Structures are given as C-alpha cells and as structure tokens.
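Since the structure of chain A is provided, determine the placement of chain V on it from the hints.
Sequence order for the protein chains is A and V. With this note's numbering applied, the first sequence corresponds to residues 748 to 1002, in that order. With this note's numbering applied, the second sequence corresponds to residues 586 to 930, in that order.
Please keep in mind that the hints were generated in silico from the structure rather than gathered at the bench. These figures come from a predicted structure and were not determined experimentally. Treat the hints with care, since some could be wrong.
What the hints assert, rightly or not - Some chain V residues well away from chain A (every beta-carbon gap over 10 Å; in silico):
# : residue
1 : 593
2 : 630
3 : 634
4 : 796
As the list claims (entries may be wrong) - Under 7 Å between C-beta atoms, here's a sample of chain A residues computed to sit facing chain V:
# : residue
5 : 797
6 : 821
7 : 835
Glycine included, every Cβ here is placed at the ideal spot set by N, Cα and C.
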Amino acid sequence: MLRAENLAVQRGSRTVLSDIDLALQPGEVLGVLGPNGAGKSTLLGALCGELPPSRGQVLLDQRRLGDWPGAERARRLAVLPQTSTLNFAFRVEEVVAMGRLPHASGQLRDAQIVGEALQAADAAHLAGRSYLALSGGERQRVHLARVLAQLWPGGEGQILLLDEPTSMLDPLHQHTTLQATRAFAERGAAVLVILHDLNLAARYCDRLLLLDRGRAHALGSPEQVLRAEPLQAVFGLEVLVQRHPQRGHPLIVAR
Amino acid sequence: MNPVIQPRSLFIALGLLLVLALWLSLALGPVSLPLADTLQAALRLLGLPVGGVELEQAELILGQIRLPRTLLGLTVGAVLALCGVAMQGLFRNPLADPGLVGVSSGAALGAAVAIVGGAALGGLPEVFAPYLLSFCAFIGGLGVTALVYRLGRRAGETSVATMLLAGIALTALAGAAIGLFTYLADDATLRTLTFWNLGSLNGASYQRLWPLLLVTIAVALWLPRRARALNALLLGESEARHLGFGVERIKRELVLCTALGVGAAVAAAGMIGFIGLVVPHLMRLLVGPDHRVLLPASALAGASLLLLADLAARLLLAPAELPIGIVTALLGAPFFLYLLLRGRV
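Extracted from the complex, chain A is given alone in its bound form (with noise of 0.2 Å):
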C-alpha cells in the first residue's frame, strides 16, 4: 500500500509541506481538506512522484516509488490532475485509452474496459465526440475515465489519486462522481481525493486529512475532523456543524 513517512516538501526555499505521515488503505476514500495553498496539491504531487520529497520517503509496498519501474508503478498508481492541457482534437474513447497505454491487454479488452470506464464515470454518451468539443466538466469526466481504465476493474493494492475531480462538475455530477469513487474503492482500491466541498466531503470520505499551512492539523472519521474548532481554526469559517436528517453524517452550514 501506498505510505508517506515523515514527509516534507519544499519549493525554493519554502517548506510547503512537512511532518505528514499517512497511509492509505484498501477499500477506503481518504477526503483532502484545506484552504488555498494549504498544500493539498503538493501532498498529492508527493504522494505520486512527481515531487521529491526533501525529507521522509514514499513507499509503496515497502519499495520507494522513485524505485519503481515506470509501467510497472502505472498499473498501480492512478493520478487525475486538476486541469488537462490536452489540446488535440482525440476522440473521446482515444483519451480514455490512454488509460491503457502501461498495460499489454490486448485491443479488444482494452476496448472493453474502455467503455467501462466511461460509463462509471458518466460519460459513456460522450463516446465518438472530439474532446476538443466537450465542455470543461464533460472534460473532467473523461480523463476520471482514463484514470478509471488504467486501473480498472480496481483491486487491492492499487492507488487513485483524484486532485479535485468535482471542480468544474454540475451539483448533479458531482454525485456521481463521487458515488464512482466509492465504488470504485469497494472493489479494493485506495483512493485519495482533494474536495473542497465539506458536504461532499462527508457523505463519501471514509476518513479525512485536514490540511493547514503544510502540516495536517486532524486526521480522523468525518466526525472527528468535521468539527467547529477544527474548522474554524483552519478555514477562519464560522460553521454550524449538523447531522445529516436521513444519512447521519455531519452536515457543515456557514454561521
């Protein structure tokens, strides 16, 4: 499984991230909270490789993921960013292939798994359009489909890294994309996603990691973390924090 030891990053000068020691686990959606600049983004740039630690270590299965092969780690480790630069007019399912690209699945699986993917994310519709032609939240749903087909069917062992895959979703699909995540996590995989959104947050995280300044100021169940002081002591927010009346789960209203 995928852990963070000790961890610290820094940009420049500046240490943007330190002292966090985490681990993901099978099965569980781990929600990153924090405000702007919080270091969420950086965590998650740690926690794939793409940014070196300047203390501490990465590891998945006792192994640094600097030391993985590259395919080999892609099989494993999942990441969706934030935006996609991709400027090219690719059909939908081309994208979504892409997923494949670490894997030697043979086309008709890969097609298969293709069109799996899509429609856990929603997106299967999209199918034969251009990307280039897709809004930015159809957008968004294909790449969480590539991200989804380069895993999939999802297990034990395998890592998703989502870097707030609901941004620039209707309140309708960001449901749905969530409720894809859990799913895809019940088949076994982590997942780590970065919300903003504290209501999301709480309906479909398993435990949250709450992000203040480059340290993690809580780390716990929905409940624990999804507390006034908490939350006022790092958002600077004001909240009245309620159950949910028909799920139970923590209900964050502004004061």
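For chain V alone, kept in the frame of chain A given last:
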C-alpha cells in the same frame, strides 16, 4: 473535428499519390521521357535486360540525374514531415515547426561559415569541397540544437517552454551572424549563399544522398516506436509520467531525432520550409492526432508533396529552375493562413 478518412483509405490514397509523384519526378524535366521509356529505363537500371540501345540516353538521364534527385526529394520530404510531427508532439502544439529548436538556423549558419569562410580561405582541395558545405550545415544544426536543449534544462528536467524561447533567441543570434557573413561576402559567394538558403534539389548526387538516407531510415524506424509515448505526451508531461513513460528520455530522443533529421535534410538540400509544419497538420485534420497513424501518413505525404513541389520548381520556368524553398513557401504559407482563418488550429 473527427477524422475525415479511415486510416486504411488514407494510406491507399497516399501510396498512390507517392507512386504518381515518383513517376512524374522521374519522367518530367527539360527532357521529358515517355512513360514506357521511363519504366524500361528504370528496369534496365535494376539490371534487367529490357529495351534496346535507343534507351541508353533515357537510362543515363534517369540514373545520373533524375533518380538521385527523386530519391533526395523523397527522403527530404519524409524526414522533414516526420520531424515536424515529433516537434509538434514535443511542444504539444499543432503549430510547432522543426525549426523551433534552432536546427534550421544553426544549419544555415554552418552553411554561411562554409560558403563565405571557404571562399575567403581560397577553397579547400577539390575532393572535400562538396562535403564541406553539407558537413558544416549538419554540425551547425546539431550544435545550435544541443545548445537550445542545454539551455532548456534545469535541475535534471527539460522545460519545453524555455527551449522554445531559447530557440527563438538563438535563431535571432544565428540570423545576426549570417547577416555578418552576408555583409562580408563577395558577389559570387553571396549568390551561392542566397540560393542555398532558398533550398534546391538541383545537383543531387548519390554522395549527397547516402548520409541523409541513412539518417532518414533511422528516424523513420525510431519515431514510430515512440508513437504511444508521443500520444501520452499530448496529455501533458506529468500525465505521461503517470502513465509510466520516461518523459525526460523521450524528450531527449525527440530533440536528437529532429536535430539529426532536419540537420541532414538541410545539409543535403538547403532550407525548405513549411513541409514540416503543414504536412503533419494536414494529416492530423484528415485522420486525427494518433501518432501510430500520423507518423507514417506524414512521411508518405511529405515525400509526395516535396516531389511535386520539386516538379513545379523544375517545370514552371523551364529551362530555368526555381529554388524549391520558394515553391513550398508559395504553397505552404497560403494553406497555413487558410487553416488559421478556418479556426481549426
């Protein structure tokens, strides 16, 4: 913006176009040969005992003049288009040109040094003279590209944005140096320099062809092996890394391929613009951006278009000959503007 043509149909069409271009390029010129003669002479060149003595002249024209020229055009066109695809993939920009990394301007500088410097030194021994120009152009292209690549590197990573800017700066610098050589040149060398800069397949010989042919074969075999990596690179560099590709190595290989390919092409035929920019772009509009199709399609189309452009260069003002760079620019620039205005860039 979906692909207009299925890859299979495109390859058939491009194959036919190339055969047509090859035949016309072999048959037409100041002395036009009938189709049958061209074919028979070509067979005789291969050592088959066809036809009679009356074909000797045709065989001579074909073997000594048309065939090396046609092969040179074929290779230059293919390698320029392939390198164009590589650069557009590396810069993730459909408007990138192989000249961006400084290889063309470096080669031009090398040529200026050879032409003007060679003349000032009173010329080298006859044997080296034809090689000196090509050699200097090739070294100039490699050198400037290596410098651009070096400038783009920081902390073990290559920034393509920095490379782009370094390429612009070094191109300007090379332009200034070429200007200086132009200023120093006498009338005869000035003419050589100007004509070289306009590009030409004139005076093609097998000696000029071989080095380029070897480089082109290497590039044509190597780049398709990186087609999947190029596809992933279009997603973004981090995305390609997340998909398991060694992005730094691929960037290095792409720059090297381009420096070798364009350097050798410019060394053999001078500056020929727009093929590397327009051909990949056109192919992408026809079959989409998948490099597994785009690379071979661009190579075929680049070869055909350059042969046809050379044909125009030979025939338009016959018996005089236009520099081919003028023809490709005359055809390429309006097409490029058409693409821009159509909003499909």
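For this session: Just pull the numbers of the violated hints for me, sorted ascending.
Result: Every hint satisfied by this model.
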